[in-house]
Amino acid sequence: QVAIKRCKLDPDRTYRAAILRELKIMSGNHANLIQLKEVTVWRDAIWIAMDLMRCSVFAVLCRRGMPEDHTILVARQTILALEHLHSKGVLHRDLKCENLLLGWQGQVKLADFGLSARVARPQRDRLGTSKWMAPEVIRQDHYNEKIDMWSLGITLIEMM
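In full-length UniProt numbering, the protein residues as written are 1 to 160.
Simulated from the structure, these hints should not be mistaken for laboratory data.
There may be inaccurate statements among the hints.
Unchecked claim - DEER-style ranges, computed between Cβ atoms: (1) K24 <-> D69: 32 to 38 Å; (2) G153 <-> G65: 14 to 20 Å; (3) S27 <-> C55: 21 to 27 Å; (4) Y15 <-> R63: 31 to 37 Å; (5) R64 <-> L23: 33 to 39 Å; (6) Q1 <-> E136: 20 to 26 Å; (7) G153 <-> R43: 38 to 44 Å; (8) Q1 <-> E98: 19 to 25 Å.
Keep in mind it's a predicted model, so treat the numbers as computed, not measured.
Ideal Cβ positions, reconstructed from N, Cα and C, are used throughout, including at glycine.
Given these sequences and hints, build the entire structure.
Here it is as structure tokens:
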């Protein structure tokens, strides 16, 4: 089984670049990143088949909250995902509960790489979800991998 994401083929170069970045990251092989299964262009859209997950951390928090031991499990697996991304020179830039997906056997996978960026280029863009943005992103100062760790910290606070 797979999840399907449909992205409209838009002539905007920035939008297309974001889709290509997302596909490139998803085509890597890491246990804690959503994996790309197949890509098809049909009519006016790109159809992306990827790992099917049970739900997001956000959905769990909305229904019943999360026990401390499960929060620790989510944190550990998210750190592994971030270590992998950062070792490849990539910032996620939108880490939050909605982008942490849970599988049926307890695995945690980071998803939604549309705002990701290369660390090699100096970053000042104010992108992401405001509640999870690090101060340097809000100020539009230069930033690096530490912004993802800030967002993880906010996410962990939200989970407790």
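> Honestly, do Y15 and R63 meet the 31 to 37 Å range at C-beta?
Replying inline: holds, 33 Å
> Measuring from beta carbon to beta carbon, are S27 and C55 in 21 to 27 Å?
Replying inline: holds, 24 Å
>> Is 33 to 39 Å respected by the C-beta to C-beta distance linking R64 and L23?
In response: holds, 34 Å
>> Given a hint of 38 to 44 Å, does the C-beta separation of G153 and R43 actually sit inside it?
In response: Cβ of G153 to Cβ of R43: about 42 Å, so the range 38 to 44 Å holds.
>> Range first: 20 to 26 Å. Now tell me if the beta carbons of Q1 and E136 are that far apart.
In response: Given a distance of about 40 Å, which is not inside 20 to 26 Å, the answer is violated.
> Holds or violated: 32 to 38 Å for the Cβ distance of K24 and D69?
Replying inline: holds, 34 Å
> In this structure, is the beta-carbon distance linking Q1 and E98 contained in 19 to 25 Å?
Replying inline: holds, 21 Å
> So the hint says 14 to 20 Å: do the beta-carbon atoms of G153 and G65 match that?
Replying inline: holds, 19 Å
Violation of the numbered hints given earlier is confined to hint 6; every other hint is satisfied by the structure.
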